[in-house]
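4 protein chains.
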Amino acid sequence: MQDNLIGIGVIGYGYWGPNLVRNFANSKVSRVVSVSDLDPAKLETVSRQYPGVEVTTEFRDLLMNPEVEAVAIATPVHSHYNLALAALRAGKHVFVEKPLAQTSEQVRHLVEEAERRNLTLMVDHTFLYTPAVQKIRKLISDGALGDIYYYNGVRASLGLFQCDVNVIWDLAVHDISIIQYIFDEAPVAVSATGSCHVAGTPENMAHITLFFASSCVAHVSVNWLSPVKVRQTFVGGSQKMIVYDDLEPTEKIKVYDKGITVDGPSEVAHQLRIGYRAGDMWAPHLAATEALQTEVEHFVDCIRTSATPISSGATGLRVVEVLEAASRSIAAQGIPVRLGLPQRITELAS
Amino acid sequence: MQDNLIGIGVIGYGYWGPNLVRNFANSKVSRVVSVSDLDPAKLETVSRQYPGVEVTTEFRDLLMNPEVEAVAIATPVHSHYNLALAALRAGKHVFVEKPLAQTSEQVRHLVEEAERRNLTLMVDHTFLYTPAVQKIRKLISDGALGDIYYYNGVRASLGLFQCDVNVIWDLAVHDISIIQYIFDEAPVAVSATGSCHVAGTPENMAHITLFFASSCVAHVSVNWLSPVKVRQTFVGGSQKMIVYDDLEPTEKIKVYDKGITVDGPSEVAHQLRIGYRAGDMWAPHLAATEALQTEVEHFVDCIRTSATPISSGATGLRVVEVLEAASRSIAAQGIPVRLGLPQRITELAS
Amino acid sequence: MQDNLIGIGVIGYGYWGPNLVRNFANSKVSRVVSVSDLDPAKLETVSRQYPGVEVTTEFRDLLMNPEVEAVAIATPVHSHYNLALAALRAGKHVFVEKPLAQTSEQVRHLVEEAERRNLTLMVDHTFLYTPAVQKIRKLISDGALGDIYYYNGVRASLGLFQCDVNVIWDLAVHDISIIQYIFDEAPVAVSATGSCHVAGTPENMAHITLFFASSCVAHVSVNWLSPVKVRQTFVGGSQKMIVYDDLEPTEKIKVYDKGITVDGPSEVAHQLRIGYRAGDMWAPHLAATEALQTEVEHFVDCIRTSATPISSGATGLRVVEVLEAASRSIAAQGIPVRLGLPQRITELAS
Amino acid sequence: MQDNLIGIGVIGYGYWGPNLVRNFANSKVSRVVSVSDLDPAKLETVSRQYPGVEVTTEFRDLLMNPEVEAVAIATPVHSHYNLALAALRAGKHVFVEKPLAQTSEQVRHLVEEAERRNLTLMVDHTFLYTPAVQKIRKLISDGALGDIYYYNGVRASLGLFQCDVNVIWDLAVHDISIIQYIFDEAPVAVSATGSCHVAGTPENMAHITLFFASSCVAHVSVNWLSPVKVRQTFVGGSQKMIVYDDLEPTEKIKVYDKGITVDGPSEVAHQLRIGYRAGDMWAPHLAATEALQTEVEHFVDCIRTSATPISSGATGLRVVEVLEAASRSIAAQGIPVRLGLPQRITELAS
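Chains as they are written, first to last, in this note's numbering: chain U, 908 to 1257; chain H, 908 to 1257; chain R, 908 to 1257; chain W, 908 to 1257.
Bear in mind the hints are in silico, worked out from the structure with no lab data behind them.
Just so you know, these numbers come straight off a predicted model, no measurement behind them.
Be careful, since some hints might not be right.
Identical copies go unnamed one by one, so any copy, or any two together, can satisfy a pair.
[Said to hold, decoys possible] In silico lysine to aspartate or glutamate, DMTMM-like type, Cα no more than 20 Å apart, as pairs:
{"no.": "1", "residue 1": "K935", "residue 2": "E951"}
{"no.": "2", "residue 1": "K1136", "residue 2": "D1164"}
{"no.": "3", "residue 1": "K1136", "residue 2": "D1187"}
{"no.": "4", "residue 1": "K935", "residue 2": "E1012"}
{"no.": "5", "residue 1": "K949", "residue 2": "D1208"}
{"no.": "6", "residue 1": "K1042", "residue 2": "D1187"}
{"no.": "7", "residue 1": "K949", "residue 2": "E1231"}
{"no.": "8", "residue 1": "K1136", "residue 2": "E1155"}
{"no.": "9", "residue 1": "K949", "residue 2": "E961"}
{"no.": "10", "residue 1": "K935", "residue 2": "D1208"}
{"no.": "11", "residue 1": "K935", "residue 2": "D1187"}
{"no.": "12", "residue 1": "K1042", "residue 2": "D1091"}
{"no.": "13", "residue 1": "K1042", "residue 2": "E1022"}
{"no.": "14", "residue 1": "K1136", "residue 2": "D946"}
{"no.": "15", "residue 1": "K1042", "residue 2": "E951"}
Chain U on its own, in the form it takes in the complex (with noise of 0.2 Å):
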């Protein structure tokens, strides 16, 4: 019976790590095998949890191990590209915390590699995979909001200061993947401000717009230095608007029957009659299933169909696209950055 489950290898046991672990351990559909950790004392910390699993300091020996299938990679993002990409060309699947690498360029040669070598390649967008998220994304796509006017995210918390990157690879990248989610619209620019408030550090403090063709507007903002924990994000539509709160235990998702009507010119000149709706407020039930127990799930799927992946290498691709574009309009104090066609959409296109 073992046979069938996938065997996965983890390296990185650090924040992240164990989350991983413990997914693939509880799953019905994978196994871990390998964990791998410069730490020595992280690395007996899983010993005793998991007794079974094997742990070693060289990431080298999981990729050498026939009984691992796939890699799981919770590392320093700088470090994502050298690993996976040693981890494809050892024949194995992988799934790389977010952001999958530091530039796009190296994201486009793991995507290239994965496809070359018919291997899954996923990122780890979490937050694509919780009942919320699917929700606001079902409730577009089922027209319940009517035409979309815009995304309001607020991302902040007096958070952990990384040293290799800065906020919005950070946080604002789990707001890009959303978008990108639950929109069916790119976004062709990018304009964004960013400040750093410790000397030596990155950005700790972001603000980005994204622009769309239609008037849908996108707008994140996050901080790493704020006294109180906010994940809350507005979703307006012109039949009814989404309040999206991470941190209600239970109401996450608030759907408003409200907006506005326009009636057309008045007869005073150059203004029209807007008219207010204040309708119910509605709270969809939400299974309370953990997100990265389905993604882990969604992984071991896709490499038994060879489906691709919801948060695929060129979704992930996408997201850092955009994280490069804003990175640059940061550095220019919010000079626009045209972004390219999407991949996706291209390829559609071709």
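Assemble the complex: chain U is given as a structure, and chains H, R and W must be docked to it using the hints.
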């Protein structure tokens, strides 16, 4: 005794005018002499509630009335300049609803006209007179927050779409005036984005970043198309941080003794050791006084003593200059616009 | 036209009187003829705001005024009986602030006097006229909640200590009247406890349990000595449950599609299999109408049509009977006190 | 080194048992030797997670194991007495999930048995070990609140209906133990009401008033049938008041500098002049330690030093006496039941 009261004429009895009339009438230092509005039905309401007050559809009647020593203007923004100028030329002190006028050039004329005639010109930036903003200003000037890192404001509602100004002239104007009041540093550039979701109307949603010469940064998000009302501001400093929620009935300001500690470079190259401090939270008691009452009495006091109002014409000019620059940046999708040295700082420099 | 308006006299211009005057004055079916208060300073305020209204320190002047067809009483509770009786005897319809009088015997006299003279007697149980309570009543009577399990109300503030009534006559009176209005079953007994923390003052804190013949139960906690204001009510049913928070600006009522399922006895002896249902939450839109406006117009309507008011004298009698019984239980530290069959049900039975 | 660790046996691996095992295992002063449960599937889970721990379906195996020095019991309430007694007789120190046993007589036997054998008997009143309750106790004992006026607790959820105890033995037990811990005065009588909405199950909703000799009063509302989870406690004093919300992620305790002032009799007969004080609110920072970790280490410490635990058998006895009295009052619809002098106070008196 009545003779000691400053006689006030109010032009405009729409949304805000009734509040002005009520506060000038309730004040022990002023009395309302006359009210003008183009709509006779509104004047009837005035007569019913304030039988002793003259009413007229012709604002020039107020200007010619010698009992009217000061004029308060609460009309649509596009009429502010002409009305205020006429009032100053008629020798009246002038109080104008925010923003002072549609362009900085207009405001400059008004400021000059008032100075030439030794008349008090004041703009109604009501928030500056709230106990909450007064308290924040005091905490900052007392050094309680340490170095100021940022101001982050969100102001959203299912709002009153206006036809002659966009959302930043309606909502962000509050934040711009607050930032100017509580910080002793002026912004040097602005990057802003905005969008419009109803063809033929001004922008109903905008995001503004104000850059300062120091590492301080301010960001303001405003939205007329939000399903719920939000009035929330974060002010972060190196020692303490404030969350100011104007919709809280009593605890509007929460001061967090939270922050980061920088321990100098760690052994790991390119990495600072950042620590986190988490201490008590404290909500100072705020008086329950109505800001507009404080403000109208400050106006009368400035008339009597020739003192410069907190929200003087020069103050209102700076706010309009920032709004103009932000509007230019919005039109260019976020391209930063430099702000000249603010007048008050120029004055100090000379 | 003025002749078609019911002429109102208001006795008492303290805390609540100004609200009565404002609403009777704003109504299109009534006009305020005269206001009496023992304090001439308060009458001056009336004259300034309502120049056409007569004022007097002598309430008998109102009763003798033929233009006064109905009298509204907003004086301390101990004076309600004498004033209402005098007004009825003078042939006036009567509207009395809650509670109707200090004893059920007094209320019974008033009800009889009003019936004998075919006059409308109404008690000001304002909450019955709020859109929130109207909605809860409708949800219950439509069967949306299923079998009613409980009513749990908390009403607390740093309150206005009163000298002639204790906290249940001031605050619990609201819940008692709401329970009577929304449930079609009357309580059969009451157990209550209360306490007093300031020597020489009435109880400032109390907890009341109302027993019903069915398994329904109601509990009301009231407190004049709470650091924060609370106005929260839970209504639980077999199908749905309501949380009603009167301090919420817009979403005052939340309806939860939650509950338990009983699957019959399990194999384990003495144990039922209880399951849990968790569904959507829904906040119905409520009109923003002022309850007191609705109520005064209902009063005028009842005068004109001789209809029985929603908060009739008989209704107010039942409320006072429950308050009396609760007071007796408080004096005996919770010993339950039986409640006689309520008058309206007696009437139905005969 | 392992020899210095106290060896623990855990009986029961249902809802709470896994938490006990985890905390005894993580502690640096104890190790888990053996776990028993009637369900082999649960024991398999133990073996997978804690490979070194013995498992057995027969609790007597634990009692006979000389490595087991102390036994922790986390089984249904009706089995507490027999299991605890057997463990004490086997010479083991005993830690029992709350409530200690089903009757005060049983608890008295256990306390006597433990005393006779010089064994530590401790009941798991986890809340006493939370930083929040520790802080409240300290604020009260430091006199920060002034005279204590009241404790008002609400504990509600769509809860786990239990078959062998009613809601007060499941939920109110927490408040009773907290009240006993933070107040230096013991209640003298109790009045309680309760109700059952599912035929054949114990009461699922109850309201308890505890009377004290002073003017202090405590009230506890518990409910297994609430649509939302509530864990809220108010503690009022003459100088300050506390709101303790256990569901708040960080600011669990808010201390309000609010209250009343009594100015002595006013000129109006029978009326005191009551004034109101409104000052700052303050939320003290609380450590993020897990209460159960603190508690299991306290248990081990008491075993080693023969100190009396904070939640000793005598403490647990008093809690059960109050629960018994409350149950008797519930059966009599609120008739007050006197409480004997608590054991600890008797001891002090002798």
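Consistency of the hints with the structure:
no.: 1; hint: K935 with E951; verdict: between (25 Å within a copy, 16 Å between copies)
no.: 2; hint: K1136 with D1164; verdict: between (27 Å within a copy, 15 Å between copies)
no.: 3; hint: K1136 with D1187; verdict: between (28 Å within a copy, 15 Å between copies)
no.: 4; hint: K935 with E1012; verdict: neither (36 Å within a copy, 49 Å between copies)
no.: 5; hint: K949 with D1208; verdict: neither (29 Å within a copy, 29 Å between copies)
no.: 6; hint: K1042 with D1187; verdict: both (18 Å within a copy, 13 Å between copies)
no.: 7; hint: K949 with E1231; verdict: neither (33 Å within a copy, 50 Å between copies)
no.: 8; hint: K1136 with E1155; verdict: both (12 Å within a copy, 12 Å between copies)
no.: 9; hint: K949 with E961; verdict: within (13 Å within a copy, 26 Å between copies)
no.: 10; hint: K935 with D1208; verdict: within (11 Å within a copy, 42 Å between copies)
no.: 11; hint: K935 with D1187; verdict: neither (41 Å within a copy, 30 Å between copies)
no.: 12; hint: K1042 with D1091; verdict: within (15 Å within a copy, 39 Å between copies)
no.: 13; hint: K1042 with E1022; verdict: neither (31 Å within a copy, 59 Å between copies)
no.: 14; hint: K1136 with D946; verdict: neither (30 Å within a copy, 42 Å between copies)
no.: 15; hint: K1042 with E951; verdict: neither (40 Å within a copy, 36 Å between copies)
This entry does not satisfy hints 4, 5, 7, 11, 13, 14, 15, going by the numbered hints stated previously.
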